[in-house]
Structure formats: structure tokens, C-alpha cells
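Number of protein chains: 2
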Amino acid sequence: MDPKFVQRLATPAQTKIVLIILDGLGGLPLEPGGKTELESARTPNLDALAARSVLGLTVPVGPGITAGSGPGHLAIFGYDPIEYEIGRGALEALGVDFELGPDDVAARGNFCSVDAAGVVTDRRAGRIPTGVGRELAKLLRTIRIDGAEFFLETVKEHRFALVMRGDGLGDALTDTDPHTTGLAPQEVRALAPESEKAARLANEFVERARRLLADKHPANMILLRGFARFPRVPSYQELYGLRAAAIAVHGMYRGVARSVGMTVLDVDGDTPADEFAALEKSWGEFDFFYLHIKKTDTAGEDGRFAGKVRAIEEVDALMPRLMALAPDVVLVSGDHSSPALLRSHSWHPVPTLLYSRLVCSDGIAEFGERACARGSLGVLPAKTVLPMALGFGQRLAKFGA
Amino acid sequence: MDPKFVQRLATPAQTKIVLIILDGLGGLPLEPGGKTELESARTPNLDALAARSVLGLTVPVGPGITAGSGPGHLAIFGYDPIEYEIGRGALEALGVDFELGPDDVAARGNFCSVDAAGVVTDRRAGRIPTGVGRELAKLLRTIRIDGAEFFLETVKEHRFALVMRGDGLGDALTDTDPHTTGLAPQEVRALAPESEKAARLANEFVERARRLLADKHPANMILLRGFARFPRVPSYQELYGLRAAAIAVHGMYRGVARSVGMTVLDVDGDTPADEFAALEKSWGEFDFFYLHIKKTDTAGEDGRFAGKVRAIEEVDALMPRLMALAPDVVLVSGDHSSPALLRSHSWHPVPTLLYSRLVCSDGIAEFGERACARGSLGVLPAKTVLPMALGFGQRLAKFGA
Numbered sequence: 002m003d004p005k006f007v008q009r010l011a012t013p014a015q016t017k018i019v020l021i022i023l024d025g026l027g028g029l030p031l032e033p034g035g036k037t038e039l040e041s042a043r044t045p046n047l048d049a050l051a052a053r054s055v056l057g058l059t060v061p062v063g064p065g066i067t068a069g070s071g072p073g074h075l076a077i078f079g080y081d082p083i084e085y086e087i088g089r090g091a092l093e094a095l096g097v098d099f100e101l102g103p104d105d106v107a108a109r110g111n112f113c114s115v116d117a118a119g120v121v122t123d124r125r126a127g128r129i130p131t132g133v134g135r136e137l138a139k140l141l142r143t144i145r146i147d148g149a150e151f152f153l154e155t156v157k158e159h160r161f162a163l164v165m166r167g168d169g170l171g172d173a174l175t176d177t178d179p180h181t182t183g184l185a186p187q188e189v190r191a192l193a194p195e196s197e198k199a200a201r202l203a204n205e206f207v208e209r210a211r212r213l214l215a216d217k218h219p220a221n222m223i224l225l226r227g228f229a230r231f232p233r234v235p236s237y238q239e240l241y242g243l244r245a246a247a248i249a250v251h252g253m254y255r256g257v258a259r260s261v262g263m264t265v266l267d268v269d270g271d272t273p274a275d276e277f278a279a280l281e282k283s284w285g286e287f288d289f290f291y292l293h294i295k296k297t298d299t300a301g302e303d304g305r306f307a308g309k310v311r312a313i314e315e316v317d318a319l320m321p322r323l324m325a326l327a328p329d330v331v332l333v334s335g336d337h338s339s340p341a342l343l344r345s346h347s348w349h350p351v352p353t354l355l356y357s358r359l360v361c362s363d364g365i366a367e368f369g370e371r372a373c374a375r376g377s378l379g380v381l382p383a384k385t386v387l388p389m390a391l392g393f394g395q396r397l398a399k400f401g402a
Numbered sequence: 002m003d004p005k006f007v008q009r010l011a012t013p014a015q016t017k018i019v020l021i022i023l024d025g026l027g028g029l030p031l032e033p034g035g036k037t038e039l040e041s042a043r044t045p046n047l048d049a050l051a052a053r054s055v056l057g058l059t060v061p062v063g064p065g066i067t068a069g070s071g072p073g074h075l076a077i078f079g080y081d082p083i084e085y086e087i088g089r090g091a092l093e094a095l096g097v098d099f100e101l102g103p104d105d106v107a108a109r110g111n112f113c114s115v116d117a118a119g120v121v122t123d124r125r126a127g128r129i130p131t132g133v134g135r136e137l138a139k140l141l142r143t144i145r146i147d148g149a150e151f152f153l154e155t156v157k158e159h160r161f162a163l164v165m166r167g168d169g170l171g172d173a174l175t176d177t178d179p180h181t182t183g184l185a186p187q188e189v190r191a192l193a194p195e196s197e198k199a200a201r202l203a204n205e206f207v208e209r210a211r212r213l214l215a216d217k218h219p220a221n222m223i224l225l226r227g228f229a230r231f232p233r234v235p236s237y238q239e240l241y242g243l244r245a246a247a248i249a250v251h252g253m254y255r256g257v258a259r260s261v262g263m264t265v266l267d268v269d270g271d272t273p274a275d276e277f278a279a280l281e282k283s284w285g286e287f288d289f290f291y292l293h294i295k296k297t298d299t300a301g302e303d304g305r306f307a308g309k310v311r312a313i314e315e316v317d318a319l320m321p322r323l324m325a326l327a328p329d330v331v332l333v334s335g336d337h338s339s340p341a342l343l344r345s346h347s348w349h350p351v352p353t354l355l356y357s358r359l360v361c362s363d364g365i366a367e368f369g370e371r372a373c374a375r376g377s378l379g380v381l382p383a384k385t386v387l388p389m390a391l392g393f394g395q396r397l398a399k400f401g402a
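Residue numbers (my numbering), protein chains in the order written: chain A, 2 to 402; chain B, 2 to 402.
No lab work stands behind these hints: they were computed from the structure. Please note that the accuracy of each hint is not assured.
Since the list gives no way to pick one copy over another, a pair counts as held whenever it fits inside one copy or between any two copies.
[Claimed, not checked] As a list, the in silico SDA-like pairs of lysine to any residue whose alpha-carbon atoms are at most 20 Å apart:
| no. | residue 1 | residue 2 |
| --- | --- | --- |
| 1 | LYS36 | ALA366 |
| 2 | LYS217 | PRO235 |
| 3 | LYS399 | GLY88 |
| 4 | LYS17 | ARG160 |
| 5 | LYS296 | GLY308 |
These numbers come from a predicted model, not from an experiment.
Next comes chain A alone, as it looks inside the complex (with noise of 0.2 Å):
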């Protein structure tokens, strides 16, 4: 169902609607018939939460396919994740924690080897360490150019993520990667003439990194490819009337949140209870709240099977404090799996609790992969959640007379 159909329906009500992701929920078991993480964990709050829920297993990007966290993120906020495609140089700010604004324009960035004549003579500068990454991203960090800020962040080795933010800057620009030795790297050139800006500000940057770095070999240049704003989504605001809060302490998580037109809350903190007196202090100021987990992923992505079990029930014990402010409607899911099993996300999909008094409760007093099977919403788009959760929390209008 096309977001902009829903929009149609939008109703004001006075509800209040709550989406609690554990990245990397879903998991697996170590041994053959055993539990997965979920399963395992002691939950006390989250199954009599489910006893008065319905349940079921949310799929966010398309039967086995595994999500990363920008498109997981953006289905269960409601989008298709394959309509609103991330661009390569969004993806690589996000994947480096970047808070990524709606409006700045990022590329994925090599430093690389040229010669006298500029010529590129290796295009990843012999994969230097990422320490002498680091040096260098100091280095280019100094650079000031009017019209834009520019952020550089090291992801690993000779590879970086740049963000330029400003007003007016298009993505529709060309890469400076001649994706092969023997040429010199290229300009960029703007596609748009929205773009264009954008454009010069990219070679004022890379003419300045080319000088910095002219002693710097095997690192004397840099390349930038993929250039890429994150894509642009009607907000919550224009879609449902919705004003909407994020409390996640990650700057991905804080980016993707912004980029669909949530206020992106503080944290005194980092912690799970942090974020919960958070969403306690502006509980009267917003209709609905995003709540990230980050540590139930990491612990996947680890391999740590007991401490994914044990940061699932950091949250449980938390549940109280969430349910102490009578919220309408809660959601408890994840943005994608990351069973320990496996040490990174997943296909698998992620069982997904939604409680409202107003639900035909599946009885079932369990949170688990197993029990959402049994759920009766079944096996279902994750994009297909949040209408759901705005017609459990009364804010969609009838179709038809």
C-alpha cells in the first residue's frame, strides 16, 4: 500500500504510538532444535505484553534477502526500502555511524596512488593501514571551502566517506574514479544543473586534497565515486500529521530518523535506560516515538549469543517504564536479523509484537521467532506495519462511505 494512499486517510487523534527496534532481533539457534537468542532470554514483560498482542514475522526487504540497517530502517518506517533506494555514497556515511542530514550529499572516497603526470598508478594507495588513513583524514579535515562544510570519516584502510553540507547541493554528480590505473582522475561534472554547485565545491575539494597530499605517497590523491544524498521520503509530518521524536544515540540511526522528518531527540546517556528516561522527559510532546536498540546487532554481529540474550533482557526490564506511560499502540521489532549463529545480518525474518487494547489478542504469552510464527499477522512486508500501527492508534479515517 502506496504511503500516499494512506496520507489520504490521516486523521488527527490524541494516541500515542511507539516503535521500539532491537537491531538485529531475529536470531537463530546454536544447535539444531534448540532457541534462538530471543527464545532464550528470560522476558517476563515482553511475553505478557504478547499474551495481549498480536504477533507475527515481518520480512523488510523481500523473501531472502538480507537488509542492511539504512533499507531495514526505512521499512519498518513505513517505505519501500527498494522504491527509496539508498545511493552508494549515503550508505557508506551511514555504515560509518555519519548522521547523515536529509539535504547533505555524500561519496565514497579512496586515497590513492598518482604519479608526476597525475596519472593514477593505484587506485586503493597499496591499501595502506587504516591508522595512516586516520592521519591523513586529519589532514584533509582542514580544509574550509565556502558554501559547504565538509565532513571526512575514515571506514577502513585507504577508504573514507565524504559529506558535503550546504543549501542547494544535487547528488547528480559524476565520480572523479576512472575505476582503473593509467588515467587521470576525473572531474566532476554535474548531471543536473541543480547539481552543479555541488559540483564545484567537489573539485574545489579534491584540487585542495590533491595539494595536501602531494608529499604523501603512496597516498598523494584521493578518489570519490558514488556520490549520493539519502533519498528523499515524504516525511511523517506531510504523510500522517504525525510529530514524530527519535532516541537512538547512533548517528545512523539519528540520520535515517531525521531524513524522515523526526525530531531527533538528546540522550543524557548511551544506555537502554537513557533512552527510556528520554522518551519519559518528552512523552507529552510527540504523537509518535522511534526507540533504536543498538546493542541486541552488535552482540549478533559478534557472535556473542549471550549477550544479544542479555541485551534483550536489559530492554525487558525496561518494558515497565514504557508501559507506566499507557501508551495506545506499541510495536517491538527489528529493522533486520543478526543471529549470533551467523556474526551479521540475515534474511531471516523478525518477529514483531504490536499491542493496542484495541487488538483480537493472539493469546500467546511468548516473544519469540517460534511464537510469532504461530502469530496471527502471519508472515508480512515490514512496510506494511506502520499503517497498521496508525489504524490501531484510531489515526486513519474510513475508506468509503
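We have chain A already, so just place chain B on it with the hints.
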């Protein structure tokens, strides 16, 4: 999800995926409250595999739609069977188990009656007995024309399938059949330049047939209609980089598999055991195996409930030979349902099992219609199963960071 989207994510892996199609697998109880064929069958091996799998019900074309074998196979092979509709001539050829090649142009044919002026007096030649049709078919098989090979297979009574095989044959061709009596057969016209050669050859064939049949009244002429190639689908190799093999003993299934780019393997014999032997023999050479079992459908279409039960049990007994090869992903499903009660294909969704060591198993130790209805895959379009298998085979890269 478009296969072209999945294509972008395809990534090499060493995993092996096996798709076992029990043709017409889904069934019905003979009496209300009874068991289906699959539920009645003693299937200890499939039940044990089910316990370690995820289960669901696949819908080949759409809810309430009975799939033919062609569309049913295209769907479980991962293609949209409505987008890639199989034209009438190609369907006729497949329907008589002809091993249609991807470039073959097929047509539906009728023997008909014409008067001395060449005007059609009976489009069906008085519905000659099938035996007569077979004799006349032998006569027409003597026709040799430079530029193409011609194959002619009797369907029933006056009906036959004609296939032209050669280079550069298009299928944008008009019918010779005037679709009424009182008119002469029409010349085949090419509706596109690429089809001109095929039009010329078809007209030459009709002229030769007219001469050979001159004294065979009431079957003294032929009519051709519905010229069609198998739809041009992108191949498994092209889409997913899969080296795919097909193990099937009937022409139709071999033809469909070849059309999606599978290598059709030789089978020494025609029993399911012979097919499993072919699988074992070629195990090292391919990434993906499609193994087709015909007997289940034949029994279903004949109304032989017990025969279908036995055919399922025969496959169950062979499953240990497959599992001994340690496949990474196993799909067991059907191309459509064929309940013995109905003696025909039906619209019922098809029991489907997906095994991998990476599934979060449903723990349902039974493979049957009702067991699959409780499975975590839910009810899903058949075309979504292949991407899922690729995901479990770790053959798809992450989408976005």
C-alpha cells in the same frame, strides 16, 4: 520481487540447492474429515526433514487459480507465470510432452475438411478418431523443407501440435485457421520482420500438407493457429550465476527446464530411483538441481488416491540418498495440486518444505497439507520460494549497508 532485483544481489557460493517437484503434489481427502494423499502416505523421511525445516503453502499463479504444468513450473522456478505467459502453440506442444526448445515455434493444428474450391466445410474433419489422426500425422512427418525441422505430435482426434525448429524463427505469425467455415484457410503472415522466415516455412508446410492430404477427405487439409515460442525468460545462469541441472524423464518438464537455462541431464531409466541416481552421478558438477517426479500427478489425474499415496512413499524412501549428499538447501514442493478426488489439476495451494541448516525450524514433524498450513512460511506466492532458497544458500549479498 523482480528477478532483476535479485540478480543485482546474486553472489557466488559453494552451496548446493535441490528442488524436488512432486508433480500435482497437493491433494484432498476423499471424505470430509479424512486425510489427503500426502497425509495418508507413510513418509518417515520427509516427516523427519519437516521437523528441521520451515513449512508453508505455495500459490502457483493466484488465489483460486488452477495452474497448468507450464505456469506452475515457471512459478516455482521463480518467474511470474502471468508476466511470462506461455502462448497457446507452446502449451499444446508441452501438453503432449514435447521437449520444446527455447527457439522452437509451435502451433496448434487441426485436420479439417475443405471442398473442391478449397473452402473449409468442417474445421474438425468430422472429429476423426485419434487413430486416424496418428496415421495422417505419420504422412505429414515425411515433409522436409530447407530451413527448419518440423515435428508433428497428435493430441487427440483431429488435433495435433506442430513445431518448427530452426535458426531465426519468430513467432509473430497470424493463424491459417479462418475460425469459421465458408472461408478458405488463410496464408500465414509475419507481424514482424523477424518472423518472415517462419511465415514462409509455415506456408510451405501447409501447401505440402494440402497436397499429401488431397485424397484423405474428411481430413483433407490442416489449419494452424496460436503460433508461439516458449516465453523468453532470463536464464538461471544470467540471473543468479547458477549452474542448474534438470532431472526429468518427460519431454514437457525437460523443455521448460531447458528454456530457463538448465542443463537437462540424461537419466538411465525412468523411475524415481533412476532420477535420484542421476542426481548422485552429477552432484559435483552443478549448484542447483531440479528433480521432477511425474507419478504423483498421473495418479491424481487418474483419480487413483492409493496410487498417489504410493508414488509419494516411493519418493520418501529415496530421500536418504539425497540427504546423504549433504545438500545446503532442499525444497520439496509441487507445481500445482492434483487431488485424486477431482481427477484433475486444482487451485489448492501446494505443500512446501524448505530445509537448510540455517532455518529457524518450525519443529512440525510432519509433511502434509495441514502441517504446512501451520508452518512459518504461511501462504506464499510460489515465485517467491526461489529467492528464499538462494538466501538460505547464502547466494545473495546484503541490500544496503
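Now for the hints, and whether the structure bears them out:
no.: 1; hint: LYS36 - ALA366; verdict: both (16 Å within a copy, 17 Å between copies)
no.: 2; hint: LYS217 - PRO235; verdict: neither (44 Å within a copy, 49 Å between copies)
no.: 3; hint: LYS399 - GLY88; verdict: between (37 Å within a copy, 14 Å between copies)
no.: 4; hint: LYS17 - ARG160; verdict: neither (42 Å within a copy, 34 Å between copies)
no.: 5; hint: LYS296 - GLY308; verdict: within (8 Å within a copy, 51 Å between copies)
In summary, the structure is inconsistent with hints 2 and 4 from the numbered list given earlier, while agreeing with the others.
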